Amino acid sequence: MIYYQAIKLLLMINFILMRLDTLGILISWSNDVRLHTAGINLASLQLQLKGAGRTPFSRFGDGYAVLRSSVREFLASEYMSVLGIPTTRALSLISLPDLEVERETVETGAIVARLASSWLRIGSFQICNPPQGSYFGLERDWSTMSHLTHHVRNELFDGISFKDVILEVAKRNARTVAQWQAVGFCHGVLNSDNISLLGLTLDYGPYAFMDVYNSGHICNHTDQTGFYSFKMQPSRVLWDCQQLLNSTAEVVGAEEEGVEITPKFAFDENGKEHFDNLFRWRSKGLEISDEIDDIFKDTFQEEYLEQMGLKLGLKKLTKADHLDIVNVFLTIMQDQENDYSSTYRALSSSNNPEEIADRILAYKPVTSFLQDGAKDAWLGWLTTYFDRVNQDIEAGLWGDKENAHEERLKSMRAHNPRFVLRQWVLEESIAKLQAGDQSTFDKAFEMSLKPFDNYHENVADDQLNEQQLEEKRLCGLGDESLLGYQCSCSS
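Per full-length UniProt numbering, the sequence shown starts with residue 1, numbered consecutively.
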């Protein structure tokens, strides 16, 4: 069973699969050793096959991937791309029904072909200079470090100094995680091996898109302490960026002294590590740690306010707005267990506070005796919110005042998806595929490419045909048992 975006792309993949031996396969420097990276140039893209079998670095792994996790990655990467979030892309998904893969249970095998400008991660440098000097039997490898440094500086970052490379990696990942927080995306496994040097969202495992809002939501059921919970994502990604410096501080310090990073830069004339130089360079390199912190936090704050402004229909959000509008908005949503994405859609439906409050509560009705208090809380916030909206309109930030309200709502609907790739949609797609029914997967994929369409949002069911009813159903919250559903990171 083959799922595809375009026949010509599928034919390309089949050709590549038949000709791997002639393409010069390079093994991706990743701890996920199922990954085959083909060294070909498709408009500066690298093609990677996940689940294609064992590599020389597979250790005890079988090199396979399962259909469940492959479907999740295929759909999420395309959905995130349409949302405008930096991400790897999916090219094809091939199910292998005759291949049984042992994970927590026996599952169907699959191969995902995926694309990125580069698959290098922060963990790629940790392989060359492990955190404790030795990691999974790996020792420091300054020669490989020099080659990797040269490649990253010159091929990915236009020849800038490695200090500036690190700062740029921090900036890009700060922007990306800020966008995650705005759309309610939980990654689930934010170790350094899952953080792209280019700031791409990659390695979609036990991810989730927020339904009932909970800032402490944990999408990975093995993350019992909440190490990678939703609210912890910015601090975890910042920590990972600091690990890039931790692994390359000697390079940064050497460059600051004008030393060329050759394969022998770390050695004396006898071919032994020059510890005095390395210690001095490391100390000098680590001096930019505070600069990484500052640039990450400033970039995150700027991007987060930009994204939340787009979602809330407010221009030029300030730090005061963050406290008075955004934080209060999220607090009410969490206290009342409102749905994250549906609440934004309600805001984009009307300029009438009463209508908005009723619509928010209709998505997940609260217990009847709390109904008045819930509505009062929203109406109180909406008063502050519309005062801020009117400031923008009076300042002419939405153009002509006569059309300003409609222009604002139109913009909000273009930044708040009607279709959300919820856990229940993924679980149903996977279950039906495993039973030989591709229909839900196909429809979910189609809607993932057009998530901002209204999908009959305000149309009564008796006015819709069968296909339209299915589209409307897939925009719903799904069964309550799958709200906050946690996935395994096994793939």
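Since the hints were made in silico from the structure, they are not lab data. None of these values were measured; they are calculated from a predicted model. We treat Cβ as the ideally placed atom computed from N, Cα and C, and that holds for glycine. A few of these clues could be false.
Under the rule of at most 20 angstroms between Cα atoms (straight-line distance), these lysine-lysine pairs were calculated in the PhoX-like manner [to be verified]:
| # | residue 1 | residue 2 |
| --- | --- | --- |
| 1 | Lys231 | Lys311 |
| 2 | Lys316 | Lys231 |
| 3 | Lys171 | Lys231 |
| 4 | Lys315 | Lys432 |
| 5 | Lys311 | Lys410 |
| 6 | Lys375 | Lys364 |
| 7 | Lys163 | Lys311 |
| 8 | Lys297 | Lys272 |
Label pairs and their computed distance ranges (CB to CB) [to be verified]:
| # | residue 1 | residue 2 | range |
| --- | --- | --- | --- |
| 9 | Asp335 | Val459 | 48 to 58 angstroms |
| 10 | Tyr363 | Val328 | 40 to 50 angstroms |
| 11 | Tyr363 | Ser215 | 10 to 20 angstroms |
| 12 | Leu156 | Ser350 | 41 to 51 angstroms |
| 13 | Ser117 | Asp462 | 16 to 26 angstroms |
| 14 | Leu156 | Gln468 | 17 to 27 angstroms |
| 15 | Glu104 | Glu407 | 43 to 53 angstroms |
| 16 | Phe227 | Glu291 | 32 to 42 angstroms |
| 17 | Glu104 | Tyr363 | 45 to 55 angstroms |
| 18 | Asp335 | Asp158 | 25 to 35 angstroms |
task: Taking the numbered hints from earlier one at a time, note which ones the structure violates and give those numbers from smallest to largest.
output: 2, 4, 7, 8, 9, 10, 13, 14, 16, 17, 18
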